[in-house]
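One-letter residues, chain by chain:
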Amino acid sequence: MADHGESDEHNKESEGVGAAGKVPSIPSVVAPPVKPRSRKAPEIPVFERRNWLIHLHYVRKEFETCKVLIREQLSEAGGMCEYAVYVQGLIMRQEGKIQESLDLFQTCALLNSQNPENLKQVARSLFLLARHKAAIEIYQQAAKICDNDWEIFHNLGVCHMYLREFEKAKNYLKQALTIRRHEVSYVMLGKIYLLERDANAAIDIYRNAVEYSPENPDLLTTLGLLYMQVNQYQKAFENLGNAMTFDPSHTKAIMAACSMMQSHADFDVAITKYRIAAANTPESPPLWNNIGMCFFGKKKYVAAISCLKRANYLAPFDWKILNNLGLVHLTTGQFASAFHFLSAAINLKTDLAQLYMLLAIALSHLDDPDNASQSYEYAAKLDSKDPSIPLNYTVHLLNHGDRRKASGYLTQFEALVESLRASGREVDQELMDLAAVVGPTIHVGETTSKRLITSVTASLPDQTSVHAAATNAGVFSSTSGTTATSEVARNSRYAGTQSSAEEPDIMNDSPVTPGLMAKSEAIVPPIYGHDPVFAPTPQLEDDSPFGLTELSKPSPMCQPLASMGRTEALPGIRGQLPSPDQSVSAPPSHMSEDGDDIAEETEKEMKKADRASKLPLPDL
Amino acid sequence: YLHLYLSRHLEKANYNSRSYISSGSFYVMEGKNDKWLDAYHDPVASIYTFTQCLTLSDIQADGDWKLIVADLGTGSYDMKLKVYKNTTLMSEHTIIDLPTGVVTFYMDTLEPRTPAIAVASGPYIYVYKNLRPYFKFTLPPLNIHPLEEDLWNQAKDDQVNVYSMREMLENLRQEGCSLTVRSLRLLQLEAGHVEGFVNLHKNTPLKKQTVITCLDTMKKSVADEDAISCLVLGTESKSIYILDPEAFTVLATMDLPSVPVFISVNGMFDVDYRIVVSCRNGCVYTLKRGSKDVSKHMIELNSQPVGMQRINKNIYVGCMDETLHCFTSKGKKLWTVRLPASITTIEIIDYRPRSFAAVLVALSNQEVHIYKEKFLVDIIKMDDVVTGLQFGRFGREDGTLVMTTKRGGLFVKILKRTAKFEEKALSAGPPVSQNQKLNVPKKTKLFVDQTQRERENAVIMHRTFQRDLAQLRLKVMREYVKALDNSMNPISSDPMEPLKLSAHVQGIGPTFKFTVKLQNTSLSQASTNLVITFDYDSKLYDFRKKMIQVPMLVPGLTYNFETFVDCLNDKGVTENVKVYVLKQGKSVPLITGVVSMPVSESIVVV
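Protein chains in written order, with the UniProt record's numbering: chain A, 1 to 620; chain B, 1 to 606.
Treat the hints loosely; a few may be bogus.
Under the rule of at most 25 angstroms between Cα atoms (straight-line distance), these lysine to aspartate or glutamate pairs were calculated in the DMTMM-like manner [as the list claims (entries may be wrong)]:
| no. | chain 1 | residue 1 | chain 2 | residue 2 |
| --- | --- | --- | --- | --- |
| 1 | B | K296 | A | D149 |
| 2 | B | K208 | A | D368 |
| 3 | B | K406 | A | D149 |
| 4 | B | K406 | A | E64 |
Everything labelled a hint here was simulated from the structure, so no lab data went into it. The structure displayed is predicted, hence computed values, not measured ones.
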């Protein structure tokens, strides 16, 4: 004999609480009727008598036992045991049955409307069902019952955040923090500032958070990444280092810190640390990309290609990995492959000037000057700030005899350099050197045999152009590895991809971000390169030997024709760089080789082949 | 007659072999763990209990400490208070309701100094002395809402209609007043039973009871080991009571914002004391003598506590989110340790002879971890999930660890005297993975050769590729146009006859079942006058139905047409078969399907 009358009755009275949709009835459990035969009144057990046991099993996650106990207790209490229903709701939620849990918590709120816990849980379930407005309403009801509750304010803040009412959200979260300092509130508040693209405010928040709980590696890592974003690399490194002290296998911190080491050309340490990350996340595309770029930096091209190809296999639609693959292939002189990787990258990322520039370089080596010119022009149209594009284009034009146009682009390059210097940024030395080589060639023109000059310039600067471009992109890519998933709002245009490293990971858990991120990507295409701190990154120099080996070969040819400036320039560069053979033959002594033996052999093989073969000079 | 200390001799005498002593299953064996000796092992003791229902005490004042277990039985009946002397069950007492906690305490100054056992159960505390029931204390009843009391008084004198009484009680309930069980029960009854219920109960006095949720002891005025202690208990009504041990009166009452779950007391009632209570709202409160403000040193946790213990002034809390936290008494967090599995219970080791204090954490992965400060110093592996832990003196042995498990086992381990706990983390230094080589994919000589080839011939390769690509595209387009022209595709391009065809072959041969599925994809137009026929090599295959008449096809439905095909060749040769759908009066098929036939098994001659 189920007690239907009772549940109907509760349905009626429940309307008051049902701010958020339909209200369930109290579970109609059979209440055993009291037998009226004995005259002495039997003692009725307290409905809550097993709450403690239910609680003990609940906290141990023994949910099955819990459910049995709850069923028994509810049938004993005729469904009137608030705590039993409450725990049942919690278990339902743990099992992912959010709607059912909502119903149960609403029942609890019926049984005891004075308990703010019930309302909070109702709101929590609504929140999990993404009914944020309804959740806010209930939280506000709860706030009336108990004031100064951290949980209520925090959750109100989070709800408002998801409704994109950032001002309100910030107020609530700050209020929550005045009541009780909780890491989660800091994290949420920081997230809101990031959504508003206010990195400095976010940093302040995270600094407070770190002060409150100094040993939390997640907080430290996030703070480090934020510092990277605003170009305070020293502080960034400190925080990331701290994070790694407290958790030496914190993958996110490792990735960020190593990307910084990488941009300082500290490849061996970076690789050592990447090993830990590789053990934790062996299938992470950014990780393999970064390892690949480390090998690239160490001029182990076979290993670099292997790693990058693995990254590409794991994330076939990541244009950064494709870009890096294109770059490495450009460097090894495999222009046909480079072309494929770069065009694949362009298919995925259609609005990045530097990709078109790299493609143009590949094309000009593949003897397709028309398409190369077209590609250069498109690149120049997309990005009118990057001096390397006009310079490389100048070289390309010179190689094909279009002196007038070339000098036009050289002027453009100089103007860009000027404007960069005016705004207090340094320009890549490499580019300047190349410009110094190219400049005179344009003006020499008429007097000597045209054919010779062009061929010289052709071989010389175009080689360098690959290299200049390559190194630029190298900086970008080595860092972009970490950013693989990046593109977040950035304040400064030249913040560089390094700074945004991992940025989205901070946001990853918030479901609202994708929209925003996509937007920001559209607004600010990632710009890399002449970062004030890292512009002439050590990696550039490490790359140079390769460029130079190629350079040095045609140099006898160019010698007689070279103007004074040029002859001086070349040895100059040469002097400051170790010869490629030396750098190859001196592996780091303190560290075991990462490229395993076979790779090492192949690597040498490659080098040999490298030296033996001359790159085909563009036929003029 | 058997003592635990026997094991000590055996430890010395017989290290390597398992030595079973006597008829009991009390034996010493050398386990893998070099710090603990297995002293007792009974996986089928069928004990259902918690850490708070276990205690070790010298209840007979003979220097032989007993293990006292409040067993929850089946969870609804068969609840027992069990006392183990060494490993034999010495006495058993039935408890009427579920036991919440067990403590022993000295309630008088009589000699010999035998402590009493207090078992909390429901609203009562049962006190046993010398293993005999001695006293039953009932929690003072709670205040009843005056209106409710009034109503029942009126009911007693028949001054009120039971139905209007019920209505008024319901109103009270909705206003948020907490009512007595009797009133609540009344509200649940169907109309027909109300009167009888009221008549039955109206003459007994109305009272409102609560339930004890946790229990601990506190020395009254002297700190001696055997000094008189008060009982401190927490109730479902969110209060803490301190009871006088001699008169069993309530010495002090304190209110909490939530229901207490775990309790830990230090200090003396007459001097100064601190009661640390963790509550169901996920907070830990500290109550002090003379202070009413509980929220001052409140610790708010991120998840529910699974266990709370105290070593000196530090509070250790194990939480549901697989973390172990340590706080100062002021509520400042000192550290947090992440654990590999969820916690089932925690307990402290306070091993005086070595002045070693640590936290035992039982985990759901059948391990017990020992933390000295934040450092993991030892791991005990068990065969079952440990749910109850107690460390202390048992028998004549100082360092004994008693464990009960989820499946009801009872295990006793003895801490070796030679055991040394390194006071630093087992895992220090850089992670092991830092020394493992990166798994960089290998490349062969062929790769280098190909690289070389590309370097030399990049331009040619590129041009060839581009040319071939263009040619490929052209060819594809041509084929596509051709297919469209000849209706070679399985989906009709004719807007008048929108059809879709698919074909399947089933079987292993030599006879196959050939199924053609035909669907009219138009929305309203029926297809009529269709025929299915097959194009095949008649030397290789034989279709039993050479032609299938198709009935009118109703839009949207899929029709199956089947035929059997015999393969005439047993050489494993196959060929494609074409399926045509023809319309009467048209020379070109509407649609065509090409089916590649599977290799046929040869005929098995039986």
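Status of the hints after comparison with the structure:
A threshold of 25 angstroms between alpha carbons decides the hint, and for K296(B) with D149(A) the separation of about 14 angstroms falls inside it, so the pair holds. Restraint check for K208(B) and D368(A): not satisfied, since their Cα atoms lie roughly 94 angstroms apart, outside the 25 angstroms limit. For the proposed pair K406(B) and D149(A), the alpha carbon gap of about 37 angstroms is over 25 angstroms, so the pair is violated. Distance restraint check for K406(B) and E64(A): the Cα-Cα separation of roughly 13 angstroms lies within the 25 angstroms cut-off, and the hinted pair is therefore satisfied.
Hint compliance for this structure: hints 2 and 3 are broken, all remaining hints hold.
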